[in-house]
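Go by the hints and put chains B, C and D onto chain A.
Chains as they are written, first to last, in the numbering used here: chain A, -11 to 382; chain B, -11 to 382; chain C, -11 to 382; chain D, -11 to 382.
Take the hints with a grain of salt, since some may be wrong.
Derived pair list, reagent style EDC-like, types lysine to aspartate or glutamate, alpha-carbon separation capped at 16 Å [said to hold, decoys possible]:
1) B/LYS82 <-> C/ASP81
2) A/LYS(-6) <-> B/GLU0
3) C/LYS243 <-> C/GLU213
4) B/LYS101 <-> D/GLU110
5) B/LYS97 <-> D/ASP108
6) A/LYS97 <-> C/ASP108
7) D/LYS(-5) <-> C/GLU0
8) B/LYS168 <-> B/GLU102
9) B/LYS(-5) <-> A/GLU189
10) C/LYS(-6) <-> D/GLU0
11) D/LYS82 <-> A/ASP83
12) D/LYS101 <-> B/GLU110
13) B/LYS(-6) <-> B/ASP349
14) A/LYS82 <-> D/ASP83
15) C/LYS221 <-> C/ASP235
16) B/LYS(-6) <-> A/GLU189
17) B/LYS82 <-> C/ASP83
18) D/LYS(-6) <-> C/GLU189
19) D/LYS309 <-> D/GLU357
Negatives, chain D to chain C, calculated, CB over 10 Å [as the list claims (entries may be wrong)]:
20) PHE59
21) ASP81
22) ILE85
23) SER98
24) ASN163
25) ASP210
26) SER380
Since the hints were derived computationally from the structure, they do not count as laboratory data.
Quick reminder that beta carbons are idealized off the backbone N, C-alpha and C, glycines included.
Number of protein chains: 4
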Amino acid sequence: MIISAKKIPKYEPSMEFVERKGKGHPDTICDGISENLSVALSKYYREKTGKILHHNVDKAILVGGQARAWFGGGEVIEPIYLLLVGRAVGRIDKDEIVPIGKLAVTAAKSYIKENLKHLDPESHIIVDYRIKQGSVDLVKNFEAGNDIPLANDTSFGVGFYPMTETETLTLKVENFLNSKEGKELFPQVGEDIKVMALRHENEIKLTIAAAMVSGLIKNKEDYLEIKRQLTIKLLELSSEITKMKVDITINGADKPEKDIFYLTVTGTSAENGDDGQVGRGNRANGLITPFRPMSLEAVAGKNPVSHTGKLYSILAMDIAKKLVEENKHISSANVYMLSQIGVPITEPQSIYVEATADISDEAVRSYVESIVKEGLQEAPKLWERILEGRVSLY
Amino acid sequence: MIISAKKIPKYEPSMEFVERKGKGHPDTICDGISENLSVALSKYYREKTGKILHHNVDKAILVGGQARAWFGGGEVIEPIYLLLVGRAVGRIDKDEIVPIGKLAVTAAKSYIKENLKHLDPESHIIVDYRIKQGSVDLVKNFEAGNDIPLANDTSFGVGFYPMTETETLTLKVENFLNSKEGKELFPQVGEDIKVMALRHENEIKLTIAAAMVSGLIKNKEDYLEIKRQLTIKLLELSSEITKMKVDITINGADKPEKDIFYLTVTGTSAENGDDGQVGRGNRANGLITPFRPMSLEAVAGKNPVSHTGKLYSILAMDIAKKLVEENKHISSANVYMLSQIGVPITEPQSIYVEATADISDEAVRSYVESIVKEGLQEAPKLWERILEGRVSLY
Amino acid sequence: MIISAKKIPKYEPSMEFVERKGKGHPDTICDGISENLSVALSKYYREKTGKILHHNVDKAILVGGQARAWFGGGEVIEPIYLLLVGRAVGRIDKDEIVPIGKLAVTAAKSYIKENLKHLDPESHIIVDYRIKQGSVDLVKNFEAGNDIPLANDTSFGVGFYPMTETETLTLKVENFLNSKEGKELFPQVGEDIKVMALRHENEIKLTIAAAMVSGLIKNKEDYLEIKRQLTIKLLELSSEITKMKVDITINGADKPEKDIFYLTVTGTSAENGDDGQVGRGNRANGLITPFRPMSLEAVAGKNPVSHTGKLYSILAMDIAKKLVEENKHISSANVYMLSQIGVPITEPQSIYVEATADISDEAVRSYVESIVKEGLQEAPKLWERILEGRVSLY
Amino acid sequence: MIISAKKIPKYEPSMEFVERKGKGHPDTICDGISENLSVALSKYYREKTGKILHHNVDKAILVGGQARAWFGGGEVIEPIYLLLVGRAVGRIDKDEIVPIGKLAVTAAKSYIKENLKHLDPESHIIVDYRIKQGSVDLVKNFEAGNDIPLANDTSFGVGFYPMTETETLTLKVENFLNSKEGKELFPQVGEDIKVMALRHENEIKLTIAAAMVSGLIKNKEDYLEIKRQLTIKLLELSSEITKMKVDITINGADKPEKDIFYLTVTGTSAENGDDGQVGRGNRANGLITPFRPMSLEAVAGKNPVSHTGKLYSILAMDIAKKLVEENKHISSANVYMLSQIGVPITEPQSIYVEATADISDEAVRSYVESIVKEGLQEAPKLWERILEGRVSLY
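With the rest of the complex left out, here is chain A:
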C-alpha cells in the first residue's frame, strides 16, 4: 500500500460548472432504485445468513414513457419501462430461494412512492428485471473474506472537501425544492429538477429545469407566477449561501408566446421520452463537477461490503472531510484511492492525497498518513451506514 500526499495551491478557478440531477430525474431514479434493491438484498441476506452475500445490481435502464400534459390535467399514454439488471446470489441453501424478483419490484415501487408523489407506481411504470446469479468465482471471492472482505474489483474512488459555494448552492437548491418545505411552498414543482450552475468570477448563473406538475397549475398566468415566486424564493435561499451575485433562469426553453412550457403529469420528464441509466448522473457527493476529481463508478446498486468502487467513493469523501475538519492547517483536500482485486478492502493499492495546507510537506504527509489509516479502519463497517441510508450516494 502506497500512501502519497502532495501540497497543491488553493483551488480557485475563475470559472466553475456544477450540475445536480434531482431525485426525480430519470438517471437519479435509476440510481435510487438500484441502491434500494442493493439495500433490500443486503438486509435479506443478513436476516437469513447473518452476512451480506454477493450481489451487484448497479445497472438499470429506464425507457421514457409518453404523456400529454395540459394546464389543469394530463395523461400518461404509455407507461415508463424500467429494467433492473445485475447479479445476486439466488439461493441461500438448497431450499431457500432468494426472492430477487419480489425484492426488485418492491425496491422500485417503494422508491417511487417515497420520492415521486405524482407517479402512480401501478399504472405509470412497468418494472421488469433481468438479474442473474453472480459469476461463481466472484461469489467465492466475496464469501472468502472473513473479518475483512476482499476487494471484488480493481477500481477507484475519489473525493474532495470542502465544496465551493457554487457547489453548495447547486446542491442546496435542489435539496430545498425537493424538501418537505419546498413541496409545501411549491407543490407544483415536480421532483425532476436539474440544476446547472455556471460561475464566472463572482457571478453565478443558475439554470434550473424543473418539471412542473400540470394538474396543479391552472393556466399560463399561474405558471408564470409560480416561476416568479420560485425565482424570488431561490434568490433568497442563494443569499444565505453565497454573497456572489446569483442569476436564476427557470425552464429557459419555455416559450410562452408559443404556449411551450415544461409541463408534466407526473413531475418527471421520464413520462415523456427522457430515458435514464444508473451511474449517469450525480457522483456520490450528489454533484457532477467536471473541474473536480471524479470517477466513473456507479455507486448505486453495488454491494456495500466488498465493492471498492462504492466503498472507496465514500471513504475518499470521508477522509477528505476529516483531513480538513480536524486540522486547521489544511483548507482543502482531494483524495484518490485505488483497490486491488482479491486483497482486503483495508489495504488499497494506493492512496493519493492533494492538500492545500499552510504546513510543511512533511507535516502534511505524516498527518495524511494517520488520517488515511484511521479512515481505512472504517471500510469494513461502512455497510452499516449504507444500509441505514446515512451516507450520500447519488
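Using the frame of chain A, we list chains B, C and D on its own:
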C-alpha cells in the same frame, strides 16, 4: 458567450490513476453499438431528406450471459441480452416509416462482427430495442436550426491536452492488443481488455484484465506461457512510450494452483454475467482519468448535429490540442465548455481554458480567444467527421 | 351464401369429457385481460370518433412466477410476467395518440382486481405489452365497412345447444366456486379452478383442481376438512343439476402423508410456473368439449365489429339456442358458420346446421333458414352486448 | 380404466369446414419452434443423464414485425419478436447447468433456416425466452416414473380416422405448396399458406391465402400469372385426390385495380403485424376440423414422456387408424382418451371409441378393447418417434 482563460501550474501529480476499457468490454460494447446506430440513423435521414433528423440513442443495457469455458473449448449457455433505448424521428412523411428496428439490430450485429471475432451475433446475443419517437418539442427545436443547429440541451464538454505518458501508455496497450498486429501475435487474447495504470512518482504499475479465448489455449501451461509472452511484448511496447519503470500484471486474479483463470469462450466477460451500459466507460478521449477534467456525458449515441454533450466533448479536445500544438508557449491545456439549450451551437454560454504557459496572462487570454473562436466555427461540420468515424468517441 | 341443414340423431354418447378452466386459470386470465383490453379500446375509439376502430389484441402470454406457500402464509418470490400482444389503431388523427399502453396496463390490472382477490396487481405481476399499429390494408378494410362491417378474415364460428347435464354441471361447479356465495362459504378456495368431468353411462366423475389460498388455511387438518366440506357442498349442488351418480375428487395429486397439497399464496397456479396464453382454454360457451363442435378461434381480444372469428362464435351459439327454444320440435342443434374476408358480416359464405328434430327434413330446413336469417341481422349489433359484457366469451 | 365403445352411423355431413395453417403461418412457427426446443431439451437430457427430464415449453408468442414489400423487393422495417416460454429442469447436478437459453435460441433459428427460406434468422427476428425451472412437485412426479412414466396432468387426447377427401385435400394442398417440388415450381409462394376448405354436398371451395415473396415477382402481371398457374396446378392436384368439383380462390382479398396484393418480403405474414401463439393452429393431425373431435391441447413443446396432452393426442390418432386399417368391418373411428395425473400413462382413466362398423356392438367392443390395449403399450416408447420427428404434431 463568456470566454475565460487562466494560467495554471504544470500538471505534475506524484500519482496518477488511468483506466481504459477495451472495445470488447460490456460498457464499450454498449457505447460502440449505440454510436453505430446513431451513425446509421444519421445516414438514413440524410439519404432520405438531405439532413440529419432528431435522434438520441445514447442509452443501452447489456445483460451478461452465462458461459462455461475450459481449455480447448467452451459454450455459451445463456446468450447475452442487449436492449437499445432512445428516441428517433420515426416517420419522414406520411408514408415513409424509418426502419428504426432494422437499423438498431443491424447496428448491433455489425459492431459485433467487426469487433468481437469470437462472439456469434446470431446465437450468443439477443438484440432487442425500445426506441420511441422523440419528444415533439425537441424535434421541433432540432429542425428549427437552419444553418447553425440549436443546442438541444444545457450540457458541457471538457477536454485536455496533451496526455501524460501514463495516459498514452494505457491507451496504447489496449490499442495494440486489439490491433491487427496484436491479434496476429496473440490471437488468444479476447477483445475485452481492461487496462488500469497506477503511476507513483517514476514507476508505473499496469494491471491488465484480458479475457482469454479458451478455445485457442490448450492447457494451463499454454495459458501461463501466453501471459509470459504478453508481458514481454508489453514491456517492450512500454519502453517505446516511457522511460519510467513499468510493472505489468495480467489477470491478477488468476490462481493457477486452484485452476482459476480468466477464460472466456467469446473473448468478452459479457458472456458470463458482466453487464454493461452506455456512457459508463471511457470518456471521448478513450480514457477514464479521475485526476483530469471529465464530464459524465455519454458521447456515444447522441445525435451529431445538435447535442452539445457530444459536440462539445469533441470540440474541447480539439481546442485543447490546437492550443498546445500551434503555440510553443503553451505546454498543456484544459478546456471546459457549457452550452445553452435553444441557442446556436456556435455560441456556448461559456468556455473556460486552463493553460500552462510561459507567456503573460493577457497573451494566453488573447490567444485562447482566437483559437476558441476558430474552433467553434467547426461545430456545425463536426457531424461529417463523426459519420466517417474519424473522431475518438469512447 | 349457402344455408344448409341436416337432421341428425340425438347426441347420446355413452361417454363424455368436459372441461372448464376457471377465471383464475392462467389461460383464462389471458383471455379475460385481452378481452378487457378490446372493450377498453372499443370504448375509447367510440368516445373519440363515434365508431370502433380496428384492433385485434387476441394474443397474450403469461409467464408463471415463483412462489412459496405454506399453511398460514406464503410469498411470491418472482412475480408473474404478462405480455399483451396485438394490433390497434394508434392515432385518431395527427394529434390524438391512442393511449394503448395505458389502456393495456389498466385492462390487466382491473381484471386482476375484479377477479383475483389475493393477487396483488402491483407486486405479484409485471404487465408488459407489445402492441403495434394494425396492417394498413386491414385497417382500410375495417373502416370501409359503413353500415355493415366487412369480415376481416375468413374464419368460422361454431355453437351448439343445449348443453348436456355433464356440461351444465361442469360449468356450474366452477361458477359456484367463483361466485359471491361460493367465496363466502369457501374463502380458502382460490380462483384458479379447473373442473374436468368424465361421464360414463350414468356416472359422472368430477376431477377438480382448486388452488387453495395458503394464508387462510391453518394446517393440514384444516385443509382436509375444507376439502371434505367442499365435496359435500358440491355433491349437493350436483344433485340439483343431475340425477346421475356424481363422484368428486378435489386436488387428487395431494399426498397428505408426504405433505403435498395444492397450496398457493394468490389463489392461482400462475404464481408458480404455470404459464398461459389467450385462446388455449374455454371456448366461447365457457367449456372445452372434445365431443362437440369446437373452433380454434380465440374469441377474447378480437374486435367486436368485424372479426367473424368472434362474432360467429357468438352468433352460432345464439342461433343454436333460438332454434331449440323457439321450436318444440327441435331438441338440439349444432351450428357452423364460415365467413368470407371482405364481405359484409351479415353474409357468411355458408352456414350449416345439424338438428335433432321430430319433423321433416324440409320443415327443419325451412325453419333453420328463417332463424338463421333473423340471427344474421343481429351481427352488426353484437358489439353492444360485447361491450356491456352481456355475452359469454371464455 | 374404463374402455367403452359405441357404434355410430357413418360420418356424412352435407357440409364440412377444414383449415390448415402452413408451416410459415405465425401460429405454426410458434408450434414448430416450441417442439424443436422440446426435442433439443430431450436429446440434451438423454445425452447427459440417460433419461428425458421434466420440461414443458408449450407456450410462445410471436409479435409480428413491420415490413414494406413491393414488386421486385422489399424491406423488413421492424423485426419479428418471439418469446419462448415454459419450464425445464435447469441443472443436472450441482455443476452441470442446462444451456436452456442456447437451446431455445438455436431451436428457433434452426426452425427458421429449415422452413422459412426468405426469413433471415439474424436480422428479421428477435428470439427471446423466459423459461423457468419446473415446479418442484411436478419434477418429482416426473422423475418418479421408472419403467412407466406417470401422467403429469389430467388431460385428454382425441383422434379420428380416416380423413375425408376434403380433409385430405386441405392437407395435401399445403403440403404440396411447401414441398420441394412445390417450391421448385412456384418459388414465389412463401411458406405462410392458409388453406380453408368448404365442402357443400359435392362441391369443394378452397380459399387459399398464400404470402407471395415480393422479391421474386416482377410486377402485377407476373403476380396474376403466377396465381393463374397456381390455380391450374392445384386443380390438377385436386383431381388426383377427389372427384368432386373443386373451386379455388387464391388471395381473395387482392384488389388488382387498387394495387392491393398479398406481398411479403419473407414469405410470412409474421413480418407485418400478424401475431402467433403455440397451440392456436393445427391439431396434431395437421388440421383444424370443427366438425370433428378436437382437443384444445397444444401438442407442440410438451415433454414427450409424461405429458398425456401430447401422448394421448398421438395415441388416439394411432389407435383410430389401427382400428380401421386392421379390420375391414370398421370403416371409421373416433378415439377419446382421458388421463389421470400421477397414474402410469399406460392406464388412462378412460377411453371411448366411436366406430362405424358392420359388425355387432359386442364384436366392436371386444375388438376395440384389444386394439386399445395394444396401443397403450406403445405409450412409453412414443418419445422415440417424437424425437426422430416421425409423427405428425401440428
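Hints versus structure:
1. B/LYS82 <-> C/ASP81: Given pair B/LYS82, C/ASP81 holds - Cα atoms ~12 Å apart, limit 16 Å.
2. A/LYS(-6) <-> B/GLU0: Holds. A/LYS(-6) to B/GLU0 sits at ~10 Å (cutoff 16 Å).
3. C/LYS243 <-> C/GLU213: Holds - the C-alpha atoms of C/GLU213 and C/LYS243 are around 15 Å apart, at most 16 Å.
4. B/LYS101 <-> D/GLU110: holds (12 Å)
5. B/LYS97 <-> D/ASP108: Given pair B/LYS97, D/ASP108 holds - Cα atoms ~13 Å apart, limit 16 Å.
6. A/LYS97 <-> C/ASP108: Holds, because 13 Å separates the two Cα atoms, which is no more than 16 Å.
7. D/LYS(-5) <-> C/GLU0: holds (11 Å)
8. B/LYS168 <-> B/GLU102: holds (12 Å)
9. B/LYS(-5) <-> A/GLU189: Answer holds: B/LYS(-5) to A/GLU189 is near 15 Å, not above 16 Å.
10. C/LYS(-6) <-> D/GLU0: holds (10 Å)
11. D/LYS82 <-> A/ASP83: Judged against 16 Å, a Cα distance of about 14 Å means the pair holds.
12. D/LYS101 <-> B/GLU110: holds (12 Å)
13. B/LYS(-6) <-> B/ASP349: holds (7 Å)
14. A/LYS82 <-> D/ASP83: holds (14 Å)
15. C/LYS221 <-> C/ASP235: holds (12 Å)
16. B/LYS(-6) <-> A/GLU189: Holds - the C-alpha atoms of A/GLU189 and B/LYS(-6) are around 11 Å apart, at most 16 Å.
17. B/LYS82 <-> C/ASP83: holds (14 Å)
18. D/LYS(-6) <-> C/GLU189: holds (11 Å)
19. D/LYS309 <-> D/GLU357: Cα-Cα ~14 Å, so holds.
20. PHE59: The assertion about D/PHE59 holds, with a minimum of 16 Å to chain C.
21. ASP81: holds (21 Å)
22. ILE85: The claim holds: D/ILE85 sits with its nearest Cβ about 18 Å from chain C, beyond 10 Å.
23. SER98: Nearest chain C Cβ is 22 Å from D/SER98, so the label holds.
24. ASN163: holds (20 Å)
25. ASP210: holds (20 Å)
26. SER380: holds (16 Å)
In this structure, none of the earlier numbered hints is contradicted; all agree with it.
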